[in-house]
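Taken in order, these protein sequences are the chains called A and B.
So the first sequence is numbered by this note's numbering: it starts at 41 and just counts up by one.
So the second sequence is numbered by this note's numbering: it starts at 41 and just counts up by one.
None of these hints come from the bench; they were simulated from the model.
Here the structure is a predicted model, which is why all the values come from computation and not from measurement.
C-beta: ideal position from N, C-alpha, C; glycine also.
Heads up, some of the hints might be wrong.
As the list claims (entries may be wrong) - Derived DSBU-like pairs: lysine-lysine, alpha-carbon spacing no greater than 30 Å straight-line:
| hint | chain 1 | residue 1 | chain 2 | residue 2 |
| --- | --- | --- | --- | --- |
| 1 | B | K49 | A | K49 |
| 2 | B | K261 | A | K205 |
| 3 | B | K49 | A | K246 |
| 4 | A | K72 | A | K62 |
| 5 | A | K187 | B | K234 |
| 6 | A | K261 | A | K246 |
| 7 | A | K274 | A | K234 |
| 8 | B | K246 | B | K261 |
| 9 | A | K187 | B | K49 |
| 10 | B | K261 | B | K234 |
| 11 | B | K205 | A | K49 |
| 12 | A | K49 | B | K287 |
| 13 | A | K246 | A | K274 |
| 14 | B | K137 | B | K62 |
| 15 | A | K287 | A | K137 |
| 16 | B | K234 | B | K287 |
| 17 | B | K137 | B | K287 |
| 18 | B | K187 | A | K49 |
| 19 | A | K187 | A | K49 |
| 20 | A | K234 | A | K246 |
| 21 | A | K261 | A | K287 |
| 22 | A | K78 | A | K287 |
Stated by the list, open to error - Selected chain A positions facing chain B (Cβ under 10 Å, derived; list incomplete):
| hint | residue |
| --- | --- |
| 23 | A51 |
| 24 | L70 |
| 25 | K72 |
| 26 | P87 |
| 27 | P90 |
| 28 | A94 |
| 29 | E176 |
| 30 | G185 |
| 31 | L188 |
| 32 | V189 |
| 33 | A314 |
Protein chains: 2
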Amino acid sequence: MAGISIADKMANFMESSSWIRKMFEEGARLKKEHGAEKVCDFSLGNPDLPPPEAFQTALERIASDRTPGVHSYMPNAGLPWVRESIAEQVARDHGVKPDADDIVMTCGAAGGLNIIFKAILNPGEEVIVPRPFFVEYHFYTDNHGGKLVPVRCNHDFSLDIDAIKDAIDERTKAVLINSPNNPSGVIYQDDSIKELVQVLQEAGQKLGRTIFLISDEPYRKLVFSGNTVPPLMKHYANTIVTTSFSKDLSIPGERIGYVAVHPEITDRGPLLGALNLANRILGFVNAPALMQRVVAEVAS
Amino acid sequence: MAGISIADKMANFMESSSWIRKMFEEGARLKKEHGAEKVCDFSLGNPDLPPPEAFQTALERIASDRTPGVHSYMPNAGLPWVRESIAEQVARDHGVKPDADDIVMTCGAAGGLNIIFKAILNPGEEVIVPRPFFVEYHFYTDNHGGKLVPVRCNHDFSLDIDAIKDAIDERTKAVLINSPNNPSGVIYQDDSIKELVQVLQEAGQKLGRTIFLISDEPYRKLVFSGNTVPPLMKHYANTIVTTSFSKDLSIPGERIGYVAVHPEITDRGPLLGALNLANRILGFVNAPALMQRVVAEVAS
């Protein structure tokens, strides 16, 4: 790498992720050969459906609002009344009652995961994740000095609790789950979550500190055949949830989501402070103002 | 810090930046005592003026656009036609002719600086900055393993070229300037830029590699009394510019800006690749879609 002007790590990343580019190129070639309608694009979670009418109506009305300050800076966590509306939504999904301060509005769930890892990881600390997982998780942990530790899952893609238990050691800072899972589609059921929580509680007691459960759930609302995604927070106080409106509102380009922390999480004050600071110093500053207002209205 | 569940570094940052919070609190106290209209708020660059009519008109029309895909994922660098429009604007401001690929749309200039540092800095590499400077620069370099090296300026706040020259060593990756400067208001003049460029060229030759000139210029359009901000790129091919529309359009909460690289910059392909990858993996993914379209229209 001598003489190259960019960071060595980034040069390596581009080299090693060139298979993704090759996949895109192959997709484009196939579409050209067989017609775009005959090739299913699994490369990115780009919803095919248009945004719902409620989104469009809210967007048009809010875009025409000329009240002074609607496009201004705000607290790094987001507009207070938006966070209040999101807290109510989290209460419905998770069976606990966070308040507005437990919510940090983010540039999507990718922004959410980055500020979570920035806030909690010391150099070399590990995040355990069941396989298969969204490949970007490797980057998100590495960005902030951490390390992703993938562990096996069961044959039906459910959580292999023993594998997670075996992977926990003194470097473990968090376990990251993604339900419904991308790419397997599996929803982790209540019993499985309870077993996982017991493992985290016991390991946390043994290590004398917190092991966080981080849940990345942008697909929570995209479930079919009468399925629902079980609530997480009611089982474990050290839970941090991040999600986005990208998939359920079909607006992934608008970069809007949030982080919600359990109202009884360990070191709640410092953790919320660190998430706010991370949002600020990573350059997000705050989630886009206009879309905060739109999603709060559509969600409520 | 033993036992605390957040990252030690973030806990230290919160401790050491508590003077900023104290400044905000003192401002709030003074406003309460003397009336808000009698206290000038210099704490954040939050413009007092409303966005211009052209912004409002473009926003309303673009918000009502229901063309499929307008809120979808896109290339990490942004919408191609938006980047083409921005490239034309950069050509007008900087006297060189970048093309659309030389532009990466970002979540403001704060997002821009973060992806630049992520793209170029190896651990321990240094970024020289003339004092006084925007305090967040410390965080932006540290986020990506780099170190900010402040150097003195002249008594009139102009660049002290000798001080910069003396600070350059084998760890120097870039010099960061901010013109018009926040907080001094100074505009670095053409002669001064030419002298700086000569220093960078000579040092780069001696070290056998590139020293980047990074220009953070969100206040470029906010100059008075017939002043203009001299173009930078025409003097030095290794220039990376970042800016935002936050101040000139009064929309800092919307998080929209861009990075522009010189079309003849060293390692252009890898650098652009690294900026794109950084935008993706830091969780920005892409700048907010709707605001990209609005600013392209207002700028052209």
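Find the hints from earlier in the document that the structure breaks and name them by number, from lowest to highest. The structure conflicts with hints 2, 5, 6, 8, 12, 14, 24, 25, 28, 31 and 32, although it agrees with all the remaining ones.
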